[in-house]
Amino acid sequence: MQFSTIYNIFIRDFRKQKKRLTLTLLALGWGTISIMLLLAFGEGIHRQMHINQKGMGEGIAILWGGQTQIPFKGLGKGRPIRLHAEDPQFIKSRVPDIKYITGEYHRWGARVKYKDVVLSEHVSGNAPEFEQMRNFIPDRGGRMINALDVKLRRRVTFLGDQLKVRLFGDEDPIGKRIQVHGVPFTVIGVMIPKMQMSSYSGMDEDMLSIPNTTFKAVFGDPWLDNIVYQPYNINDMENVERQIYEAMGAKYKFDPKDERALGIWDYAESSREFNNMMTGIKLFLGIIGGLTLLIAGVGVANIMYVSIKERTREIGIKMAVGARKSYVLTQFLIEALIITFGGGFGGMAISYVMTEGFKRIPIESDVLEFMGRPTVSLEIGLIVVTILGIMGLLSGLFPAMKAASVNPVESLRYE
Amino acid sequence: MQSIMKLRQVRKAYTTGTVTFEALRGINLMVNRGEFIAVVGPSGSGKSTLMNIMGCLDIPTSGEYRFENQLVNSLSPNQLADIRNRKVGFVFQAFNLLPYATTYENVEIPLLFAKVSGRKRKQRITELLARLGLADKAANKPTELSGGEMQRVAIARALANEPDVILADEPTGNLDSASGAEIVNIFRELWQSGKTVIVISHDVSIAEHAERIVRLKDGLIETNGDLSREQPASGTDNQSLS
Numbered sequence: 000m001q002f003s004t005i006y007n008i009f010i011r012d013f014r015k016q017k018k019r020l021t022l023t024l025l026a027l028g029w030g031t032i033s034i035m036l037l038l039a040f041g042e043g044i045h046r047q048m049h050i051n052q053k054g055m056g057e058g059i060a061i062l063w064g065g066q067t068q069i070p071f072k073g074l075g076k077g078r079p080i081r082l083h084a085e086d087p088q089f090i091k092s093r094v095p096d097i098k099y100i101t102g103e104y105h106r107w108g109a110r111v112k113y114k115d116v117v118l119s120e121h122v123s124g125n126a127p128e129f130e131q132m133r134n135f136i137p138d139r140g141g142r143m144i145n146a147l148d149v150k151l152r153r154r155v156t157f158l159g160d161q162l163k164v165r166l167f168g169d170e171d172p173i174g175k176r177i178q179v180h181g182v183p184f185t186v187i188g189v190m191i192p193k194m195q196m197s198s199y200s201g202m203d204e205d206m207l208s209i210p211n212t213t214f215k216a217v218f219g220d221p222w223l224d225n226i227v228y229q230p231y232n233i234n235d236m237e238n239v240e241r242q243i244y245e246a247m248g249a250k251y252k253f254d255p256k257d258e259r260a261l262g263i264w265d266y267a268e269s270s271r272e273f274n275n276m277m278t279g280i281k282l283f284l285g286i287i288g289g290l291t292l293l294i295a296g297v298g299v300a301n302i303m304y305v306s307i308k309e310r311t312r313e314i315g316i317k318m319a320v321g322a323r324k325s326y327v328l329t330q331f332l333i334e335a336l337i338i339t340f341g342g343g344f345g346g347m348a349i350s351y352v353m354t355e356g357f358k359r360i361p362i363e364s365d366v367l368e369f370m371g372r373p374t375v376s377l378e379i380g381l382i383v384v385t386i387l388g389i390m391g392l393l394s395g396l397f398p399a400m401k402a403a404s405v406n407p408v409e410s411l412r413y414e
Numbered sequence: 000m001q002s003i004m005k006l007r008q009v010r011k012a013y014t015t016g017t018v019t020f021e022a023l024r025g026i027n028l029m030v031n032r033g034e035f036i037a038v039v040g041p042s043g044s045g046k047s048t049l050m051n052i053m054g055c056l057d058i059p060t061s062g063e064y065r066f067e068n069q070l071v072n073s074l075s076p077n078q079l080a081d082i083r084n085r086k087v088g089f090v091f092q093a094f095n096l097l098p099y100a101t102t103y104e105n106v107e108i109p110l111l112f113a114k115v116s117g118r119k120r121k122q123r124i125t126e127l128l129a130r131l132g133l134a135d136k137a138a139n140k141p142t143e144l145s146g147g148e149m150q151r152v153a154i155a156r157a158l159a160n161e162p163d164v165i166l167a168d169e170p171t172g173n174l175d176s177a178s179g180a181e182i183v184n185i186f187r188e189l190w191q192s193g194k195t196v197i198v199i200s201h202d203v204s205i206a207e208h209a210e211r212i213v214r215l216k217d218g219l220i221e222t223n224g225d226l227s228r229e230q231p232a233s234g235t236d237n238q239s240l241s
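Protein chains in written order, with numbering that gives the first Met the number 0: chain A, 0 to 414; chain G, 0 to 241.
No wet-lab data here; the hints were simulated from the structure. Keep in mind it's a predicted model, so treat the numbers as computed, not measured. Just so you know, not all the hints are guaranteed correct.
Claimed, not checked - Once the Cα atoms are required to be at most 25 angstroms apart in a straight line, the calculated DSS-like pairs of lysine-lysine come out as:
#	chain 1	residue 1	chain 2	residue 2
1	A	Lys324	G	Lys114
2	A	Lys308	G	Lys140
3	A	Lys324	A	Lys76
4	G	Lys216	A	Lys324
5	G	Lys86	G	Lys5
6	A	Lys98	A	Lys256
7	A	Lys17	G	Lys140
8	A	Lys53	A	Lys91
9	A	Lys308	A	Lys324
10	G	Lys140	G	Lys114
11	A	Lys17	A	Lys252
Said to hold, decoys possible - Far from chain G, by Cβ distances over 10 angstroms, these chain A residues were calculated:
#	residue
12	Gly54
13	Val182
14	Thr329
15	Arg359
Note that beta-carbon positions come from the ideal geometry of N, C-alpha and C, so glycine has one too.
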């Protein structure tokens with residue numbers, strides 16, 4: 000039958016059972032709002048956590064020296080494996096899948112002095128690749144350590160944003176001279192603030208970076224503390240890891256299967272696990288919202304059953320003039336879907352307005368740095384529309400089947 | 000004459016809980032194309048049940064019913080719906096119009112089910128409404144019409160898909176005598192135009208117009224013949240079928 004006819008019937012029914020339909024629409028709207036908001040908060044937390052997680056870097060791995068656990072070629076176990084300054088270059092030459100790799104030194108409690116301010120701080124000897132790999136992004140007016148700094152062992156330093164505040168306060172530090180370990184350094188840049196959730200050597204905001212070549216010259220450390228690398232493709236992580244064990248095993252004479260000889264933290268793997276966890280949380284929130292919505296679905300089924308009872312005669316008349324069962328079925332299904340989507344889209348619109356409003360509330364708090372702001376994504380919209388569709392069909396299907404099974408003779412007698 | 004409906008030993012039983020009631024107890028009847036038949040009998044004699052079965056609204060519990068030589072017992076619900084849509088037009092005592100729909104829309108319904116195109120629907124409805132004197136009532140809802148008008152709308156609806164058979168169940172039962180006479184005239188005209196008309200009625204004036212009168216009693220055919228001639232019509236009695 001024409002849509003206009005179905006629409007007319009719907010409007011007439013609406014007038015007849017205004018209160019019941021309004022309540023059902025409210026329940027549907029409420030269910031939709033709860034599922035939308037729960038999913039939106041889940042999404043907000045996920046996105047914020049993702050940003051926080053990216054603080055340390057994306058698709059990277061950290062490599063440390065270790066101790067052999069398996070005797071190898073006549074060498075006993077328990078031998079320490081240390082990383083040398085030339086190892087990053089060596090690994091890159093053997094493992095072509097690596098995009099960036101660089102060695103890093105650390106010194107905690109180094110004396111850092113600017114004018115009258117004397118601090119005991121963490122110094123990292125690193126390299127330009129940290130800008131890409133570890134998100135050491137310079138704030139306006141400054142720069143990160145570059146290749147020439149490393150090559151010429153320049154005494155330049157890049158400050159974490161919190162350290163900059165401790166050392167300089169509001170003063171512009173770029174081009175200023177500070178002393179590190181008694182040696183004068185020029186400040187070339189300050190890191191833009193970032194959220195960092197994981198770390199292997201303290202927070203980047205509290206760190207002072209200098210070229211790793213300069214570090215070796217100033218502090219005289221014989222060994223690298225760790226190596227940071229990033230493969231071209233995040234899916235190659237395991238493959239790259241195996242190749243590093245093989246290359247380093249050949250160089251330092253340990254069994255490539257000796258997992259204790261080197262320590263590798265696959266941060267990408269942590270990201271994946273984290274993502275799985277977040278998916279679990281979102282699923283949980285979605286299920287809670289879905290159950291709320293389900294109650295509204297029962298309401299739709301209820302109103303449809305009542306509507307069928309009131310329209311038994313009408314169904315009979317239509318069957319007498321030639322309506323097939325499938326028509327009756329479709330008509331009631333469409334009506335259930337109209338009600339479901341009517342309430343659903345209302346709820347969606349309200350939730351969208353609510354989340355947008357929440358985003359605009361100007362509050363700065365540490366809680367928000369972890370919780371983020373609720374976000375309605377296209378994905379959430381599609382999920383909710385799908386759930387509404389399935390629910391509308393289900394809550395309409397059983398009443399519709401009942402309507403289609405009406406005996407035309409009896410329904411014509413129905414008053 | 001060509002037969003359009005054949006009933007052989009048709010029985011129909013209704014079961015309510017443990018009680019079974021036999022509304023029809025073995026009906027043998029043959030209806031020829033273009034006949035005007037009146038079905039009469041006291042209430043509870045099975046008239047309406049017979050009409051429901053003849054109109055494919057219901058199927059017999061046992062026995063054989065052929066509509067245009069098709070065995071109705073074996074047809075699917077969709078095939079039955081299509082027969083009701085295209086081959087049979089129903090007119091009820093209580094009119095059975097859709098209350099929220101206008102005259103135009105009520106007549107349009109069978110055409111919609113028959114998937115007639117919009118232009119043809121409009122043409123057909125306009126034609127029918129003019130023929131039944133309802134041209135100025137097209138936009139009115141049933142509550143705004145008189146009983147006679149409502150029944151004319153119902154007849155227009157029954158005629159929408161140009162069926163061969165018109166089945167009417169007490170079509171004048173809810174009408175005053177003037178409107179009733181008007182409706183009877185319409186049936187007569189339909190019959191004259193070649194339709195097969197079967198009317199269930201207590202109304203003597205309808206029975207007077209009919210070619211043949213079938214009298215039911217307790218689920219069986221009591222008499223079957225031309226009342227005016229008071230003799231059984233040949234070829235349509237019980238024996239001719241068995």
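Now for the hints, and whether the structure bears them out:
1. At roughly 16 angstroms between alpha-carbon atoms, Lys324 (chain A) and Lys114 (chain G) fall within 25 angstroms of each other, so this suggested pair holds.
2. Taken as a hint, the Lys308 (chain A) and Lys140 (chain G) pair is honoured in the structure, with Cα atoms around 22 angstroms apart against an allowance of 25 angstroms.
3. This hinted pair does not check out: Lys324 (chain A) and Lys76 (chain A) have alpha carbons roughly 81 angstroms apart, beyond 25 angstroms.
4. For the hint pairing Lys216 (chain G) with Lys324 (chain A), the CA-to-CA distance comes to about 34 angstroms; that exceeds 25 angstroms, so the pair is violated.
5. Using a Cα cut-off of 25 angstroms, the hinted pair Lys86 (chain G) and Lys5 (chain G) holds, with the two alpha carbons roughly 15 angstroms apart.
6. Of the pairs offered as hints, the one joining Lys98 (chain A) and Lys256 (chain A) holds, with about 24 angstroms between alpha carbons and a cut-off of 25 angstroms not exceeded.
7. Annotation: proposed proximity of Lys17 (chain A) to Lys140 (chain G) holds, straight-line Cα distance about 22 angstroms (limit 25 angstroms).
8. A distance of roughly 24 angstroms separates the Cα atoms of Lys53 (chain A) and Lys91 (chain A); the hinted pair therefore holds under the 25 angstroms criterion.
9. Of the pairs offered as hints, the one joining Lys308 (chain A) and Lys324 (chain A) holds, with about 16 angstroms between alpha carbons and a cut-off of 25 angstroms not exceeded.
10. Pair hint Lys140 (chain G) plus Lys114 (chain G) holds up; C-alpha atoms about 23 angstroms apart against a cutoff of 25 angstroms.
11. The hinted pair formed by Lys17 (chain A) and Lys252 (chain A) fails the criterion: a straight-line CA distance of about 83 angstroms is larger than 25 angstroms.
12. Chain G leaves Gly54 (chain A) outside its interface by the beta-carbon criterion, the shortest separation being 63 angstroms against a cut-off of 10 angstroms.
13. Taking the minimum C-beta to C-beta distance to chain G, about 91 angstroms, the non-interface status of Val182 (chain A) holds against the 10 angstroms cut.
14. In this structure Thr329 (chain A) is separated from chain G by more than 10 angstroms, as the shortest Cβ-Cβ distance comes to about 12 angstroms.
15. No Cβ of chain G comes within 10 angstroms of the Cβ of Arg359 (chain A); the nearest lies about 46 angstroms off, and the non-interface call holds.
Checked against the numbered hints above, the structure violates hints 3, 4, 11; every other hint is satisfied.
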